[in-house]
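Q: Residue strings, one per chain:
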Amino acid sequence: MTVVAEPALGDLHTVVEEVWSTFLADGNPILPADGPSEDVHWTAAITVTGAWEAQISVVLSEAAATGVGATMLAIDEATCSTADVRDALGELVNIVGGNVKSLMPGPSVLSLPLVGHGDIAPTSDLQPVRRLDLLWRGEPVVVVVHVPVQDSSTTATTT
Amino acid sequence: MHALIIDDSRTMRAIIARIVKELGFETSEAENGQEALDLLEDGLVPDICLIDWNMPLMDGYTFVTRVRQDPKWRNVTLMMVTTESEHSQIVRALAAGAHEYLIKPFTPDSIVEKLELLGLAAQEIPA
Numbered sequence: 011m012t013v014v015a016e017p018a019l020g021d022l023h024t025v026v027e028e029v030w031s032t033f034l035a036d037g038n039p040i041l042p043a044d045g046p047s048e049d050v051h052w053t054a055a056i057t058v059t060g061a062w063e064a065q066i067s068v069v070l071s072e073a074a075a076t077g078v079g080a081t082m083l084a085i086d087e088a089t090c091s092t093a094d095v096r097d098a099l100g101e102l103v104n105i106v107g108g109n110v111k112s113l114m115p116g117p118s119v120l121s122l123p124l125v126g127h128g129d130i131a132p133t134s135d136l137q138p139v140r141r142l143d144l145l146w147r148g149e150p151v152v153v154v155v156h157v158p159v160q161d162s163s164t165t166a167t168t169t
Numbered sequence: 107m108h109a110l111i112i113d114d115s116r117t118m119r120a121i122i123a124r125i126v127k128e129l130g131f132e133t134s135e136a137e138n139g140q141e142a143l144d145l146l147e148d149g150l151v152p153d154i155c156l157i158d159w160n161m162p163l164m165d166g167y168t169f170v171t172r173v174r175q176d177p178k179w180r181n182v183t184l185m186m187v188t189t190e191s192e193h194s195q196i197v198r199a200l201a202a203g204a205h206e207y208l209i210k211p212f213t214p215d216s217i218v219e220k221l222e223l224l225g226l227a228a229q230e231i232p233a
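First to last, the sequence lines map onto chains P and Y.
Numbered as in the numbering used here, the first sequence ends at 169 without a single skipped number.
Numbered as in the numbering used here, the second sequence ends at 233 without a single skipped number.
It should be emphasised that the hints constitute simulated quantities derived from the structure, not laboratory data.
No residue lacks a Cβ here, since even glycine has one placed at the ideal position from N, Cα and C.
Among the hints, a few may not be true.
Which residues of chain Y face chain P? A few of them, derived with a C-beta cut under 8 angstroms, are [claimed, not checked]:
# : residue
1 : S115
2 : A123
3 : Q140
4 : D148
5 : I196
According to the in silico footprint, chain P covers these stretches of chain Y (three or more CB under 8 angstroms from chain P) [to be verified]:
# : segment
6 : 181–192
7 : 211–224
In isolation and in its complexed conformation, chain P is listed as follows (with noise of 0.2 angstroms):
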């Protein structure tokens, strides 16, 4: 049976917090914004099926989106190119996925990641249920958890 469940919004901050923390501690920690960001330029998004079923996307602007690929792959900005940044953002994406999964109802299996320079429009039938507006040197960093449409299904929220 699919359970259509949410994480807890602070349990998502703190995984984002912790991935941020271990892979781009770099003196900048990652910060609540005022209000929410339009300044898209980057998405990495991946996809959970199974006992939960949710896409989480992390989407970002040009100058976050390049300075999580130089700082995870220890480069200079000036020479980290558009796949080096695909790459860490897939990654990034990855493991942020990997731990929100972990705190939903089991047993469930991640995509590979999936990285656009733009949006990535989750399918019709997922809704946004969770969003974090945050800042990263002062530049936008957005997290949302798209989930199903809810049905008859069960419904929960983890708190």
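Model the placement of chain Y on the given structure of chain P, informed by the hints.
A: Same frame as chain P, now just chain Y:
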């Protein structure tokens, strides 16, 4: 000491390589389980394989199973390094023959700790 790093992410291979090179390891890299198996078949003899789970072509679980089926690789230590953190997956990987299991995100210290448990840590990471 030689570490074979198996991950479809070049970024993650680079992160792990930086850490284990600081510990004195030489490294080789493979993008998936099949490429890693090909390296072993070609004669590479790593002391340890650090293995992602979700990869195209051949995943890490299948790689572990295939390595453990062949006695000539019985001395190769296998450690999963993955975001797969469900208990059932960990049990499955260990039952298939993985010696250790490290969940991403990990710190350099957590890799050192695992390598020490496996008797493979050559030195501490310099401060």
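Q: Any hints this thing doesn't respect? Which numbers, in order?
A: Per hint list: 2, 3, 4, 5 violated.
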